[in-house]
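Peer 1: Spelled out from the first residue to the last, the chains are:
2 protein chains.
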Amino acid sequence: MDAIEKNLLKEVAELDSLPVGAYNIRANGQLDGRHTTANIDIVTKTDKPGIDIYIKPGTKNESVHIPVIISKAGLKDLVYNDFHIGEGADVTIIAGCGIHNCGGDSQHDGIHTFYLAKNARLRYVEKHYGEGDETSKRVMNPTTIVHLEEGAQMEMETTQIAGIDDTIRKTSGDLAAGASLVVREKIMTTGEQNAVTDFVVDMNGEGSSANIISRSVAKDHSRQEFISRINGNCACAGHSECDAIIMDDACVLASPQLTANSVDASLIHEAAIGKIAGEQLIKLMTLGLTEQQAEEQIVNGFLK
Amino acid sequence: MDAIEKNLLKEVAELDSLPVGAYNIRANGQLDGRHTTANIDIVTKTDKPGIDIYIKPGTKNESVHIPVIISKAGLKDLVYNDFHIGEGADVTIIAGCGIHNCGGDSQHDGIHTFYLAKNARLRYVEKHYGEGDETSKRVMNPTTIVHLEEGAQMEMETTQIAGIDDTIRKTSGDLAAGASLVVREKIMTTGEQNAVTDFVVDMNGEGSSANIISRSVAKDHSRQEFISRINGNCACAGHSECDAIIMDDACVLASPQLTANSVDASLIHEAAIGKIAGEQLIKLMTLGLTEQQAEEQIVNGFLK
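Going down the list, the sequences are from chains A and B. Sequential numbering from 71 applies to the first sequence in my numbering. Sequential numbering from 71 applies to the second sequence in my numbering.
Since the hints were made in silico from the structure, they are not lab data. There could be a bad hint or two in this list.
Where chains are identical, the list cannot tell them apart; a pair therefore holds if satisfied intra-copy or between any two copies.
As the list claims (entries may be wrong) - With a straight-line cut-off of 25 Å between C-alpha atoms, the simulated SDA-like cross-links for lysine to any residue are:
| # | residue 1 | residue 2 |
| --- | --- | --- |
| 1 | LYS207 | THR129 |
| 2 | LYS289 | GLY91 |
| 3 | LYS126 | VAL209 |
| 4 | LYS118 | SER87 |
| 5 | LYS345 | HIS309 |
| 6 | LYS353 | VAL195 |
| 7 | LYS207 | HIS105 |
| 8 | LYS289 | GLY275 |
| 9 | LYS256 | VAL113 |
| 10 | LYS256 | ASP334 |
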């Protein structure tokens, strides 16, 4: 692994060296390293690119790192990863993809399907990062499909702060009784970048809940679209929230949809799009910051 | 005018007798009465069904009533009404449609286009009401198109509480600098009724603002869809709010969309769908109301 690849790994997985616990590192479309534990098995798919990750019932306090790094220009990588989380397990999975390319467009499409068995708990962290020359595009289209059985709980944190020119991020989930899904998304787009996020959640089981929180900053000429569809099909609670800071000549569209198919569904949505409040800027500028520094401070705080 | 027609007139226009000021009464697709004033002229269109209403610049504190009543079964009425409100005028227009039909479906489609000149102010009230036998359908598809010139202000209040089986309510507006549009919509659906409301507002002028407030109650097997699209194309403020009470086996869908095409656009949306809070019901029931009476009280308060 060279210096560029090591840096990508640090950006997407906060790793300086090989991770503790189970891991599977994919570099330029190939397996680059794998470690399994007594409770976590990782198996290469035979019918298509990707892996199956099996986590035994009752596994606690273990983690799986599955970073993908692409340092070749012109590479188009498609991968199917399936996660089978056993009953009562409580684990963390850290995914992420970093692209460094010069002299050609590169693309990574990751299709991740999660099967959480009864009362399983999962924290899933996903970070997307790109770097390289200005003429090469970096494209990432993550698809996340979540199946939550009774009482299963999943928290998903996704971050895309820099370097991705084009992304369509699709997340869908179906929730059985008592299941809970929390999604926290952070996106920043700059230059001519384009980002679309599309959430669909079906609350099918009594007492299930979904909470989708999106925070985004759109700078320069970038364009963002936030779509969410929350369907309450039973006694359930759904909430979605989309806050966007718009700067320069950017454009932001928020299109959340709530559907109550049951009298016992309680659904709430909030969205706000606006620029940084002038008074906030002035306050920081009276403390000695330039306008640009003040904006950066506010944006960093907003996306923290 | 018979007793049925008089009752319809009362329901949609709160009129016991002929109104004061200008009016145009349309009954069963025909002109039934018209009155103009020195400042307000009403002219029958020659190219299609409908009227042009001309309000002179500077006209203040005058009103126009334009009720439509249909007491024939099987009638399908389509009308184009255009409203030309002169510069600096400040008037009230009360529209509304009532259908009473037995033994056949009746339908009224009213296409209303408003041209508000500079600094004109308009309060526009529209009420839809239906009654008749259970086997005859009552359909109303109101389309409202609003053009607001610089500094023009329009407040629109629409109410559809009972008796309309099927409705697609389309409202669109474009706003020049400093113009303001406020829409308050109240809808209640029962039985197998279906109601769709669709708002599109383009804020094109600096300092324009739009505020769309929808309150609805869906009972029995009825179905409601709320769609709004607010486009901020300049320094402007947009707000939309959709609160729905869902009861019985009803279904409610809210799909608001915000698009900020300018860094100076400030857009906010809120939506909440849920049933009547149990504690509210219990409180009223401890005061001696039956559950049904308590529900009615709450629904009436919500739609007031």
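Peer 1: None of the hints should be skipped; say for each whether it holds.
Peer 2: Here's how the hints hold up against the structure:
no.	hint	verdict
1	LYS207 / THR129	neither (40 Å within a copy, 60 Å between copies)
2	LYS289 / GLY91	neither (38 Å within a copy, 54 Å between copies)
3	LYS126 / VAL209	neither (34 Å within a copy, 58 Å between copies)
4	LYS118 / SER87	neither (29 Å within a copy, 77 Å between copies)
5	LYS345 / HIS309	both (24 Å within a copy, 15 Å between copies)
6	LYS353 / VAL195	neither (34 Å within a copy, 45 Å between copies)
7	LYS207 / HIS105	neither (32 Å within a copy, 68 Å between copies)
8	LYS289 / GLY275	between (40 Å within a copy, 23 Å between copies)
9	LYS256 / VAL113	neither (31 Å within a copy, 57 Å between copies)
10	LYS256 / ASP334	between (31 Å within a copy, 22 Å between copies)
Comparing the model with each numbered hint stated earlier shows that hints 1, 2, 3, 4, 6, 7 and 9 do not hold.
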